[in-house]
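Peer 1: Okay, here's what each chain looks like letter by letter:
Protein chains: 2
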Amino acid sequence: MTAPERLSWRDVRTEIHDSILSGQYGPGDRLPRDADIADALKCARSTVQRAMQDLADSGLIERRRKGGTRVRAHPVTRATLDIPITRREVEQKGGRYGYQLIRAAEETIPRVIRAAFELSEPRKMLHVESLHLSDGRPYILEDRWICLETSPEIRSVDLGRQSANEWLVLNKPYTRVDLRLSAVSADPAMADGLDTAVGTALFVIERTTWIDAAPITTVRSITAPGYQLITRNEA
Amino acid sequence: MTAPERLSWRDVRTEIHDSILSGQYGPGDRLPRDADIADALKCARSTVQRAMQDLADSGLIERRRKGGTRVRAHPVTRATLDIPITRREVEQKGGRYGYQLIRAAEETIPRVIRAAFELSEPRKMLHVESLHLSDGRPYILEDRWICLETSPEIRSVDLGRQSANEWLVLNKPYTRVDLRLSAVSADPAMADGLDTAVGTALFVIERTTWIDAAPITTVRSITAPGYQLITRNEA
DNA sequence: AAAGGTATTAAGTACGTACATATTTTGTCA
DNA sequence: TGACAAAATATGTACGTACTTAATACCTTT
Chain E
107 MTAPERLSWR DVRTEIHDSI LSGQYGPGDR LPRDADIADA LKCARSTVQR
157 AMQDLADSGL IERRRKGGTR VRAHPVTRAT LDIPITRREV EQKGGRYGYQ
207 LIRAAEETIP RVIRAAFELS EPRKMLHVES LHLSDGRPYI LEDRWICLET
257 SPEIRSVDLG RQSANEWLVL NKPYTRVDLR LSAVSADPAM ADGLDTAVGT
307 ALFVIERTTW IDAAPITTVR SITAPGYQLI TRNEA
Chain S
107 MTAPERLSWR DVRTEIHDSI LSGQYGPGDR LPRDADIADA LKCARSTVQR
157 AMQDLADSGL IERRRKGGTR VRAHPVTRAT LDIPITRREV EQKGGRYGYQ
207 LIRAAEETIP RVIRAAFELS EPRKMLHVES LHLSDGRPYI LEDRWICLET
257 SPEIRSVDLG RQSANEWLVL NKPYTRVDLR LSAVSADPAM ADGLDTAVGT
307 ALFVIERTTW IDAAPITTVR SITAPGYQLI TRNEA
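Protein chains in written order, with the working numbering: chain E, 107 to 341; chain S, 107 to 341.
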């Protein structure tokens with residue numbers, strides 16, 4: 107007589123999430139089968155499936171065929187990182203974007219780059235060094251290698267005008283990306299490029315992308331002092 | 107006569123993804139409606155919906171009711187970060203885990219902590235400093251504040267034996283987490299705790315969690331020299 | 001021409017059924 | 001007892017229908 111409403115998958119997710127939060131199910135515990143939950147909540151199994159999928163994506167539970175669903179035994183803090191094109195990042199912060207090409211040349215890739223691409227054979231790639239600026243001040247110093255077999259069109263791009271970062275992100279969608287985040291002490295070259303003192307702690311983002319098995323690019327972005335990478339994740 | 111097979115949502119996703127990769131649809135372009143794609147591929151609209159949802163989650167497309175689906179005008183590199191419990195992280199790398207409580211005391215939170223929690227009023231919280239070790243060597247130095255209203259049970263935890271990190275992750279699921287990643291130059295206290303030289307570049311992970319609107323904990327993890335945070339993301 | 005209300009549209013959700021697939025469990029045979 | 005095959009089981013996927021919701025487009029009124 108009150109509310110003949112139907113449960114949405116979000117309601118179901120909240121229901122299950124709460125039963126975990128409340129301690130009813132702890133790490134490693136097995137949850138009832140989807141069908142039984144659907145039964146208990148009086149909704150379709152597909153609705154429970156949708157809710158479970160979401161909880162699995164967020165890293166809270168693990169699901170296995172026949173094995174059932176259980177609360178992750180070793181919980182992780184899962185967060186999603188969005189790294190925009192550098193020009194847009196600067197502009198969204200209200201800065202005036204600037205860009206300088208330092209140098210570009212075809213070279214044989216060094217060992218570390220081979221490792222990043224998981225390549226066994228050495229080969230030549232386009233090596234590009236450039237500087238992104240915000241309000242005229244150094245923002246990110248980037249050292250990039252681009253696979254010419256995968257992106258031959260890059261030869262006809264004027265890298266003095268458009269950054270490789272922007273061209274690649276707009277024109278070369280990838281199927282796999284590896285990120286490595288770390289800190290480094292500014293060496294003389296970095297200090298010079300970023301206009302800071304040698305030894306300053308700098309935040310470094312290394313990113314390697316592939317399209318299927320073919321390497322696209324790998325880039326080491328050395329950020330100016332004070333740079334932060336921020337995430338906000340809501341369940 | 108050949109293959110009367112049905113398309114899976116992954117097939118559909120690949121189909122749409124490829125049509126974007128090939129340049130048929132560029133940033134900002136509008137894709138056909140789900141129903142038309144379903145029609146063209148001879149599958150159910152729900153299958154297209156599932157594929158589209160996945161592409162939207164991965165940041166490639168944007169969907170709006172009535173507005174339709176379009177390729178993201180400002181593409182981002184999206185990656186998922188998993189941060190395990192520190193003990194597990196060490197053990198999975200094959201190290202022997204160690205842990206030391208440095209100090210724990212109830213204190214009024216300083217301004218930066220209030221800011222992290224988005225609190226307007228000052229209040230008291232449990233302040234815990236501790237050190238995680240790998241094979242006897244300093245691994246992560248953590249400086250943590252725990253909200254006692256949200257987690258009163260923490261008072262009865264022996265923080266000399268079990269780390270707050272482990273207890274909280276196992277016992278206090280959150281509904282929101284903010285991460286801030288950065289680099290810092292070791293000050294004397296950090297250098298002492300991590301057994302390194304003053305000025306060394308260190309990678310810092312700051313994490314704040316809430317359950318609904320209630321603050322749980324905020325932690326500043328200062329990692330030992332050479333620490334890297336790694337991601338691997340497959341489309 | 002500006003403002004505001006209404007109709008239309010395309011994605012989002014819910015349901016129930018049927019079948020697929022990956023595991024685990026069980027059963028059989030050597 | 002051990003190896004291997006067969007049955008059982010819980011999640012995963014596909015389909016089609018009906019309905020909901022948010023946003024845009026259009027049309028009326030001032």
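Incorrect hints may appear among the rest.
Chain copies aren't distinguished; within one or between two, either way the pair holds.
Computed list of lysine-lysine pairs in DSS-like fashion (alpha-carbon distance at most 30 Å, straight line) [claimed, not checked]:
id, residue 1, residue 2
1, Lys230, Lys278
2, Lys199, Lys148
3, Lys278, Lys199
4, Lys230, Lys199
5, Lys230, Lys172
6, Lys148, Lys230
7, Lys148, Lys278
8, Lys172, Lys278
Don't read these hints as lab results, they were simulated from the structure.
It should be emphasised that the depicted structure is a prediction, and the values quoted were computed from it without experimental measurement.
Peer 1: All the hints need checking, so say for each whether the structure fits it.
Peer 2: Hints, verified against the model:
1. In this homomeric assembly, Lys230 and Lys278 come within 30 Å of each other (Cα to Cα) only inside a single copy, at 19 Å, whereas the closest approach across copies is 51 Å.
2. Taking the shortest Cα distances, Lys199 and Lys148 never come within 30 Å of each other, neither inside one copy (48 Å) nor across copies (45 Å).
3. Taking the closest pair of Cα atoms, Lys278 and Lys199 come within 30 Å of each other only inside a single copy of the chain (25 Å); across copies the shortest separation is 34 Å, beyond that limit.
4. Within a single copy, Lys230 and Lys199 get their C-alpha atoms no closer than 37 Å, and across copies no closer than 34 Å, so neither meets the 30 Å cut-off.
5. In the homo-oligomer, the alpha carbons of Lys230 and Lys172 never lie at most 30 Å apart, since the shortest distance is 49 Å inside one protomer and 48 Å across protomers.
6. For a Cα distance limit of 30 Å, the shortest separation of Lys148 from Lys230 qualifies neither inside one copy, at 62 Å, nor across copies, at 44 Å.
7. Taking the shortest Cα distances, Lys148 and Lys278 sit within 30 Å of each other only across copies (29 Å), while inside one copy they are farther apart (47 Å).
8. In this assembly of identical chains, the alpha carbons of Lys172 and Lys278 lie at most 30 Å apart only when taken from different copies (29 Å versus 40 Å within one copy).
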